[in-house]
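Undergrad: What follows is the residue order along each chain.
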Amino acid sequence: MSLSRMLDNWSRLNQRDYYKDEPIMWGMSIDLNKCTGCASCVTACYAENNIPAVGKEKCATGHTMHWLRIERYWDLPEGEADLAVEESEYPERGAHFAPMMCQQCNHAPCEPVCPVAATYHNPDGLNAQVYNRCIGSRYCGTNCPFKVRYFNFFDYSEDIPHPMEMLLNPDLTVRSKGVMEKCTFCVQRLRNAKGDQADKGIRGHVEDGEVQTACQQSCPTEAIVFGNLKDSESKVSKAWEDHNVELNRHEQFHEEGERGYRVFEELNVEPSVMYLDRVRDTNA
Amino acid sequence: MSQKNVKNELSRRTFLKAMGLTSAGSALALTGCGDTDIINQVDLEVRKEKVLPAVDPLDFIRPGREVHYSSTCRQCPANCNIHAKTREGRVIKLEGNPTSSTNWGRMCAMGQAGLQGHYNPDRLTKPMVRKGGKLVETTWAEAETLLKKHLGKKNAKLAWLSGATSGHQAVITKAYLDAAGSQNHFVFDTVPPSVGLAANEKMFGHAIPKYDFDKAKLIVSFGADFLGTWLSPVQFGAQYGQFRNAPRGTLVQIEPKMTLTGSNADRWIAIKPGTEGHLALALASLIAKDSNFKGKKIGNLDVDIEATSAATGVSIERMHKLRDMLIAQSPSLILSGNSAEGFAHGSQAANAILMLNIMLGNVGETILPRSKPAFEDLQPQLGGWAEMKAFIDGLADGSFDTAVVYGSNPLFQAPDFMKADEAFAKAKMRIAFSMFPDETTMACDLVLPVHSYLEEWNTSVPAYAADDGHLNIQQPVMNPVFGEGSTYSYGDIMLGLVSELDATFKNWDSYGAYIRDALATMKPTLVNPPKATVAGQTDEEGFMQGVLAAGFVQTKEAKASPINAKASSVSLPQGEAEGGKYAYHLVPSARMGLYDGRFANIPWLQELPDQLAAVVWDSWVEIHPKTAEKLGLITGDKVKVTSEAGSLEVSVFVFPGIHEETIAIPLGQGHTEFGRYAKGVGVNPHKILTPVFDEETGELATHATKVSITKIANRGDVDTRKHGDLVLESIQTSQKGREIVKSVSADDFDHNEGEG
Amino acid sequence: MSDFKMKDIAWAKINEDVLASLESPRKAFWIVLAVCFALVLCGAAAEVYQYNEGLGVALMNNPHYWQTYISNFVFWIGMSHSGTLLSAILLLTQADWRKPIYRFAEAMTFFSIATAAIFPVIHIGRVWDMYWVLPYPNQHAIWPNFRSPLLWDAFAITTYATSSALFLYIGMIPDLAICRDKAKGWRKKLYTAMSLGWMGRATEWIAFQKTYVLMACFLVPLAVSVHSIVASDFAMSMMPGWHVTSFPPYFVAGALYSGCAAIITLFVLLRYLFKFEAYMTPEIMDKTARLTFAIAMAWNFLNLSEYASIWYSHDMFEHEMLIDKFTGPYAGIVWTMLFCATIVPFAMAWKKVRVNMWAMFVISLLIQLGMWLERFQIVSPPLASNHEPWTQAVVWPGLVQMTITAASFGWFTMLFLIFCKVFPSVSMYEVKEMVYHRNKHGKKKLQDMEKIKDDMIKTEEGLS
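Residue numbers (the working numbering), protein chains in the order written: chain W, 2 to 285; chain V, 17 to 772; chain X, 96 to 559.
For the record, the hints were derived by calculation from the structure and aren't laboratory data. A virtual CB, placed ideally from N, CA and C, is assigned to each residue, including glycine. There's no promise every hint is true.
[What the hints assert, rightly or not] Taking CB as the label site, the calculated pair distances span: (1) T155/V to C137/X: 51 to 59 Å; (2) K727/V to L229/X: 39 to 47 Å; (3) G80/V to E166/W: 45 to 53 Å; (4) M289/X to S5/W: 50 to 58 Å; (5) A565/V to E166/W: 37 to 45 Å; (6) N193/W to D417/V: 54 to 62 Å; (7) G258/W to G221/V: 37 to 45 Å.
[As the list claims (entries may be wrong)] Partial list, computed: chain X residues near chain W (C-beta under 7 Å): (8) K108; (9) E111; (10) Y146; (11) N147; (12) N156; (13) N157; (14) L245; (15) L246; (16) K283; (17) L285; (18) A288; (19) W485; (20) V489.
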């Protein structure tokens with residue numbers, strides 16, 4: 002931790018797109034045309050990531066820990082009034098579901114504010130959270146526009162009754178009281194996949210489909226696509242391309258049939274998760 | 017060796033019969049069965065995991081490396097194929113089996129949460145016996161003696177109630193009952209749409225034909241929640257995903273309470289409960305009279321459209337629109353689900369709805385035939401309320417003196433009017449095979465704790481098989497959680513019982529051996545049976561390893577003959593009986609999550625917010641905003657919901673997706689037993705159902721109850737996420753102008769998307 | 096200035112009066128002290144409970160990651176600013192009416208920083224690892240994140256606490272020497288050690304004056320920067336309602352405002368408890384009130400301009416947050432804040448009010464309440480109407496948070512009262528200086544002062 006190293010790091014930090022030459026950048030695409038809101042992804046995430054169920058009382062005080070939640074709205078955003086149904090007392094076009102998890106922002110607002118650098122951007126494009134380093138100032142949480150960071154307000158792991166602790170995934174930590182946590186894109190699976198490739202002597206490339214996030218794996222309708230955005234052959238980068246969604250834009254410009262957008266793009270946080278417009282047959 | 021050398025003494029016929037494999041003249045050959053027990057042998061004690069010694073580990077078990085076992089999810093009758101991920105001898109994650117045509121590698125929330133049932137802290141670990149009116153723990157030796165005493169004999173007054181069952185579990189149960197001379201096997205499962213299945217059977221010749229959602233350009237579903245709880249949600253979810261690809265199909269859902277499927281519809285139509293059949297008839301009439309319609313017209317279609325519109329609450333304009341769509345978008349698929357069928361005229365309504373398929377020429381297009389199953393005995397039995405009623409009536413009138421319950425919870429499910437607890441109390445001996453201290457179990461005299469589905473051998477057939485002849489294999493994916501000798505598999509206990517009465521079954525010293533033997537015996541009837549892959553492996557070993565790795569087998573099936581659909585005339589009641597002071601229809605809605613209540617002891621599912629109401633850990637009653645305004649109710653207020661049969665106290669959730677004259681209470685809660693997570697949470701709407709039965713099938717008309725609502729308490733202020741007693745994951749309904757979920761019209765949808 | 100009564104006080108009487116405050120306060124002193132101590136004990140119990148159970152018992156949640164611990168932190172840091180204002184700024188601008196009251200204002204500065212510094216400790220999730228925010232050589236081979244305003248906070252607070260403690264101490268040395276000469280027992284030992292052998296020689300006085308002015312020059316920009324950094328905690332974030340460019344000056348103005356109100360409160364309290372009627376005169380109160388009024392107007396201007404800039408920004412998130420603030424569940428808080436901090440200070444436009452101790456006491460308490468609520472409404476309502484509608488929910492601080500908040504007031508007052516009991520809370524030498532100048536030199540005091548200094552130096556040089 003020499004001063005020169007600090008200055009070196011400092012100049013790297015301020016260099017935009019520092020990781021642009023890295024071979025992997027994990028990204029996701031969520032098709033709201035297919036998402037049914039069934040929440041199998043939510044439970045898959047609980048199972049994969051050792052997320053505690055906190056009980057009714059703690060749900061009531063807002064201490065739920067779901068890294069991935071399904072948001073359900075009944076109305077259209079501003080400016081989409083033409084899609085609304087004629088006057089009706091019922092939501093005749095159904096609900097609006099959005100699976101919401103850490104968007105792994107490329108300009109993550111949570112990263113610069115952490116006093117101890119416990120959250121940082123890793124070379125694979127992940128917004129990494131280092132539990133061991135976290136001191137629990139919760140600044141990252143307040144600064145996250147998606148509010149997808151979850152703080153361990155209690156020592157939940159102490160409340161796991163025997164033998165339920167046996168289902169904990171040994172590939173990742175059981176978080177303790179006082180640290181922030183959030184969706185990691187199932188980083189333990191990503192590490193394993195990269196490790197398996199490294200065993201074969203391949204570095205910096207994971208075959209598309211070799212690794213799935215838990216939510217993607219469980220999704221009955223295949224609404225979630227996950228992969229390497231730097232790999233032009235991957236499904237996810239093709240989806241981004243097909244829907245004309247690019248990084249470093251505050252707004253996506255669409256031709257017919259292109260439905261991609263990122264939530265809160267206008268805040269310039271550069272999410273790595275693309276959503277595709279929900280579709281409704283307005284002739285029905 | 018897992019098999020005794022006594023089989024030579026048996027005739028081949030008895031042998032096959034014992035395994036449920038007699039049928040259709042299949043040429044089965046007997047084959048030997050090697051010891052292929054590849055189940056992990058990690059020495060694992062509760063709370064004291066010994067690191068696997070490197071001295072003599074099995075070559076595929078390496079500490080730190082995950083091992084996947086193929087097995088079958090038994091959470092609901094859909095029976096998806098799974099891969100159980102184990103680490104150091106513990107199962108830590110369930111994932112879909114990507115090669116299975118039932119779920120294509122996907123899983124639903126309830127399937128994922130199977131782990132928490134398996135590792136549930138409230139699982140029974142010791143047999144219990146009633147002494148002096150109280151259930152006390154006992155030893156297996158004593159329990160076995162008692163069991164043999166009561167079940168190890170011929171007894172025509174023995175009544176047996178199972179949950180939905182299939183495969184060798186059904187076979188061995190049947191074998192025992194046959195041996196014991198009892199004809200009284202009842203099957204009950206709450207959610208499978210028994211009325212609709214009977215209507216299917218009558219009309220198409222198959223209770224559950226094959227559906228091709230993807231091929232349909234238009235799906236009109238009358239209350240079939242195929243994305244949530246209807247038959248096989250993951251299978252249909254996968255098909256739905258395809259259906260939404262270009263050319264994008266249109267989904268219209270017609271139901272009084274918006275289900276998960278309804279919330280994904282392009283058009284959701286609120287309909288007055290009990291009038292779905294009327295609407296279907298009106299549509300048929302409109303279609304038949306339309307000049308663009310070229311198909312065949314069925315029956316008497318002289319329907320008063322205006323009267324139907326008034327009765328159903330669906331505008332004439334909307335009906336015309338539906339007619340146009342149904343004619344233009346062919347082939348379509350018309351489904352009938354629980355909310356259309358739960359009435360005295362439920363069968364008729366289902367007929368009226370399903371008949372549209374025949375008119376529109378969907379049969380053979382989106383509704384496809386099944387072949388006659390090669391092994392009839394293995395086929396799924398989904399059961400229904402009629403069987404439950406027969407079980408209870410039999411107990412009440414003393415026809416049965418011994419009651420055995422496995423995989424079902426009648427005391428929780430049965431409405432109060434059935435007086436199930438009184439009837440159950442009349443039996444001289446009540447025995448439960450159970451994992452959990454549920455209501456029925458705690459009312460029994462002898463309780464035998466059984467393995468979870470992740471600890472035992474079994475086979476099963478999915479309720480909805482995408483391919484005919486699909487047989488799931490279930491193998492233990494880990495040693496029993498509570499150690500050897502705490503719990504036993506249902507199969508092993510049954511094998512012990514049946515071999516007391518039928519010597520044929522003495523061939524097998526364990527149910528696992530029986531299952532493996534059955535599979536080995538089936539080898540000639542299988543499509544592409546696996547062969548030895550490793551040098552030095554015998555063919556038998558190779559076969560067994562192959563099928564266990566695959567997790568399911570496919571039997572050779574005869575070619576399915578086309579459906580010869582028979583439409584019968586439909587008669588529906590005109591006008592509704594006056595409800596008197598009971599002004600609202602009650603919909604007891606099943607939901608993806610707690611299902612019928614069997615998952616109420618799983619914290620993940622309790623905490624999974626309802627997809628539409630976002631409520632956690634509770635029951636609620638859904639009331640339309642207009643009705644709520646009329647009654648002066650807001651979300652969180654406590655109301656008393658009263659029917660002729662009883663009343664419930666429950667919190668209000670004001671919900672736009674429900675017909676104005678309807679209220680809905682989700683199933684799943686209201687347990688009076690069932691462990692720490694379920695006991696005392698919420699209410700069970702089944703309790704206040706009134707005694708109305710479907711006129712044809714005798715099934716309970718679950719949606720026919722009418723209720724009144726009276727406010728009993730104000731909510732008070734909202735406290736964080738708490739509305740009175742009700743906890744919502746979020747109180748928000750609006751995006752507040754933000755672009756979180758953007759929408760686009762299907763006209764702007766890329767017409768090549770998802771192709772190829 | 097001729098109407099100052101103080102000019103009549105004999106020098107010896109000054110010593111006597113002030114030293115008496117160390118010995119025999121009114122009975123009420125002990126009552127207040129006991130109440131404060133009880134509050135501190137309650138707070139300690141609440142903190143122990145929270146430490147054991149987890150921060151969830153304070154009812155903070157997602158999205159209310161921050162709540163009263165942060166608003167208390169800002170409040171106490173803010174309060175510290177007026178001490179600096181009275182001592183340093185008024186020293187540099189040569190306003191001599193500050194002299195009888197600056198000592199306790201400086202003490203207030205130090206103790207409010209000491210109170211503020213506790214809140215990050217209470218707030219943080221893993222307090223045992225808190226030292227990681229400091230850039231020290233460590234086995235992790237990792238620096239803290241220099242981009243984080245919280246890290247700047249850590250630096251700012253430590254610097255400010257050290258310098259204000261030094262400033263307080265240095266200014267007290269001549270008085271400590273007086274105490275030393277009069278005291279007995281343990282006090283004698285304490286004062287002897289602390290007065291560093293002060294003899295009152297002219298060279299000592301000159302060195303003392305230079306150091307003191309130098310420290311003042313250093314403190315003024317430091318104080319401004321400290322509160323600007325605290326403002327950056329909010330202004331540097333993305334939250335609607337926090338991401339406001341004018342926050343640093345707004346925070347500084349707010350800090351001075353609430354600090355002045357606190358001075359008035361303590362002014363009245365000390366005057367009563369330690370019988371300082373002759374020193375803390377209504378005339379000084381009048382001046383203080385005028386100053387407070389001026390700062391109140393500056394603060395109000397900045398507050399209104401903040402609303403205006405949000406209103407005209409046409410930013411959806413900011414708009415919604417502002418409307419929610421005034422009409423939503425937090426409206427009561429916001430309107431009370433506006434009443435207390437915007438309307439109430441206008442009472443100080445009347446001289447009758449300004450010289451009425453009890454009226455001023457009430458006003459100052461109201462202003463402080465307003466300013467506490469102001470900090471709360473900066474932190475909480477924006478979190479309740481954040482970007483993501485699904486997570487929006489109103490959360491009120493629970494019993495634990497409120498107990499600890501109340502305890503912080505107890506803690507501050509307790510420390511302050513103990514200080515006043517142990518150290519002279521009125522600067523004896525400066526009051527003497529003031530009285531001297533007023534009697535002998537009238538308005539030309541400072542020029543004359545230079546002359547006297549020169550004379551003294553000459554004499555001392557002659558002596559040596």
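Undergrad: Report the numbers of all earlier hints that the structure fails to satisfy, in ascending order.
TA: 2, 3, 4, 5, 8, 9, 10, 11, 16, 17, 18, 20
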